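*Asks:* Okay, here's what each chain looks like letter by letter:
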Amino acid sequence: MTNETSTDNEIDLRMEEQMTEEPTTEEKTAAASPPNAGSDAGPTKPTGVIETKAMSVFYGDFRAVADVSLVFGKNEISALIGPSGCGKSTVLRSLNRMNDLIPTARTEGEVNYHGQNIYAEGVDPVEVRRTIGMVFQKPNPFPKSIYDNISWGAKINGFKGSKSETDDLVHEALESAALWEEVKDKLGESGYSLSGGQQQRLCIARAIATKPDVILMDEPCSALDPIATLRIEELMLELKEDYSIIIVTHNMQQAARVSDKTAFFNVKLNETGMRTGYLVEYSPTEQLFTTPKEKDTEDYITGRFG
Amino acid sequence: MTQAQDTNVHFHQELDALEQKVLGMVDRAEQMAGKAVQAVTTGDLDEAQQVIAMDDELDETYLEVHREWTSLMARHQPLGSDLRRMTILLQLNSTFERMGDQCVNIAKITEFNRGLPSVERINEQIREMGDLVRPMIRTAIEAYIRQDLDEARLLPAMDQPIDRINANMYRETVAAAGNPSLLEWAAKMMMASRALERIGDQAVDFAEQTVYLITGERAEFDEHGMLGIPDDDE
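Just so you know, the sequences run in chain order A and B.
Okay, so the first sequence: first residue is 1 according to the working numbering, each after it adds one.
Okay, so the second sequence: first residue is 1001 according to the working numbering, each after it adds one.
Hints may contain errors.
Unchecked claim - Reference excerpt, derived from the structure (chain A facing chain B, CB under 8 Å, subset only):
hint	residue
1	Pro226
2	Met252
3	Gly303
4	Phe305
Simulated from the structure, these hints should not be mistaken for lab results.
Every value quoted in this text rests on a predicted model; they were computed, and no experiment measured them.
Backbone N, C-alpha and C fix where the C-beta goes; we use that ideal spot for every residue, glycine too.
Model the full structure from these sequences, guided by the hints.
*Replies:* Here it is, written out as structure tokens:
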């Protein structure tokens, strides 16, 4: 909702994270209980990494999204699409408690990460955001060198490696983000010296360096030109080998190109004239874009929509 | 928000126009089938020439449709039922172009068979095949325009008598084996029969495309007009 402030939000977050001890991804995964096998199971249930159950998000009295139940697959790219105001970004930001940073925001229902509700009492939102990382619409590198963008992010998340270990971490993260070849000779230069597409890949490298399990992407290509967009999309397809990715996009063709599953959200007016987003259909991407189950989906993807 | 308002008007207008053009092709192919049968069974060379000229126009339309289709696809990248319609139109474009080619194959026999003896029973069977295949094409067109699943499903049953006559044509030809010039004529008529049988199959294929457009299910008809098992869809 407030993309302009997201840069600040993320930096604030990193500051908080200095205080935390960092368990490894393996420990975190092991600590989380397995998904509850008895509940209403969808076909994708066994491979789900995040599952929402009847999730609603409120801003004060205003219910922005209602009753979202979704299972996001492990090592899959899931796309959230829909018209403006349908709540797709709100849903995304609820998946790693990013909405907590908005004072009036409140989430009801459950968001289970490997079976554990991330909104349960005692869960550290900072740890949640490290495990479930986020890449924003506008590339937001820190005002630091390319090298420090990676190492600083990792260090404030508890990375305590030697100089050579840090070098390796930076190399590895930039390599994974398909940026290494372009920046290896200028690691000391400011992150701001890079092009928009490179900055976005730097932000992805920074997210990867903290060893997350899930990467949320909020319109990661909307500020990029078509070539830079294709590079990010290629990168996403490579990253899904190791991570689960959930992406919000305005661009249906982008969802069609990269995602395994697509969730279509729509928005309806309630009695009091408020607009609430809701989930219409969640299907394998190919099915959703060729033979959607719901008429609303069909109307949206063919442009027959008010 | 609830009423469907077309925000993609220009694309849909172009898609409608392209569809009209493709349906115009099958309409023309249906006329050509009638003329080709008339030509080959009566030895009418003028009629045969008309079929060949009509096919030249059909081939031009085929190329136009291909160009316009590619342009539409590149500019709009359609999805959902629009994507299905586009896919079908490309396939129908080549199906109808081939229907035209089959009609030309029949028409050309008229010239080859000039001056040869003939058997009226075989001529009658070819005429009957023509009388069976043209309603098939018209039924398939109507099923498409009305989006009528039941009508589309009639096609396989309509195709059966054509297949039977075609299978019998071999025996008719063998019966002419005693007379070399009659055999030459009959062998050519067997090719005309085979071409009509292919046109019938193409009409069935058209109806299968219609089923896909309506249901989103890729399937082939069995002889009762029931859908076969879809390929690999969920």
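*Asks:* Confirm or reject each hint.
*Replies:* Taking the hints in turn, this is what the structure says about them:
1. Annotation: Pro226 of chain A was flagged as interfacial toward chain B, and the flag is violated, the nearest CB pair being 13 Å apart, outside 8 Å.
2. Proximity of Met252 of chain A to chain B holds as hinted, the smallest CB-CB distance being about 7 Å (cut-off 8 Å).
3. At its closest, the beta carbon of Gly303 of chain A sits 3 Å from a beta carbon of chain B; the interface hint therefore holds under the 8 Å criterion.
4. Evaluation of the Phe305 of chain A hint against chain B yields a held restraint, the C-beta minimum of about 6 Å falling below 8 Å.
Consistency with the previously given hints fails for number 1 only.
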